[in-house]
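Participant: Position 129 of the sequence shown, counting from 1, maps to 129 under UniProt numbering, and the rest follow consecutively.
Computed spacing ranges between beta-carbons, pair by pair: (1) L51 - N89: 31 to 39 angstroms; (2) P44 - W88: 20 to 28 angstroms; (3) V113 - G53: 26 to 34 angstroms.
Simulated from the structure, these hints should not be mistaken for lab results. Don't be surprised by glycine CBs; every beta carbon is placed ideally from N, CA and C.
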Amino acid sequence: MDMKSRSMAPSCLLYKSSCLICDDVFLPRFHCFSAMKRFDVIGPSTDIFALLGEDVTLPASLSPPLNAQRFEVTWVRNDFYSVVLLYWNLQIRPERQMQAYKGRATLFPEELVSGNVSLRLQDVRVSDGGLYRCLVTSERWNEETHLTLNVEGISKFPFFFLLLMWPLHLDDLIH
Numbered sequence: 001m002d003m004k005s006r007s008m009a010p011s012c013l014l015y016k017s018s019c020l021i022c023d024d025v026f027l028p029r030f031h032c033f034s035a036m037k038r039f040d041v042i043g044p045s046t047d048i049f050a051l052l053g054e055d056v057t058l059p060a061s062l063s064p065p066l067n068a069q070r071f072e073v074t075w076v077r078n079d080f081y082s083v084v085l086l087y088w089n090l091q092i093r094p095e096r097q098m099q100a101y102k103g104r105a106t107l108f109p110e111e112l113v114s115g116n117v118s119l120r121l122q123d124v125r126v127s128d129g130g131l132y133r134c135l136v137t138s139e140r141w142n143e144e145t146h147l148t149l150n151v152e153g154i155s156k157f158p159f160f161f162l163l164l165m166w167p168l169h170l171d172d173l174i175h
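Produce the complete structure using the sequences and hints provided.
Facilitator: Right, dumping it as structure tokens:
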């Protein structure tokens, strides 16, 4: 090993240990710089609509499309205390989830590598409607986006539909 290689190795290794994306591979310092650049979390520009009982994807992605596998991804309701999903340390943490979302909220793990941090919500309920925030945190940067989910559906008790189809007037039903 020549002197130049020896002098570069310690600083590269030291820097490598603080480089979130490059930590498994020895890469020159300039590669780590490009991997640690800032990012934005991009969400939809319009509200998301879902039908009651259906599955819905709340889209969010990193720009530029960085590998998010080692990032922390948190989906919360507007108040920041209502955790819909927490992905941290390479896994989803159900112990931090609100009970109402356990078994219904997930990410697309195979797509984290391309920066897709979208939330998949199964069996949509009326109570799922409202504002959501997606917060993404790397070792050196964090960003968020927000979106609104509107839940639409037919009531389980179509009272007004029955009134329209019934040959009696409302006054007849009351008496």
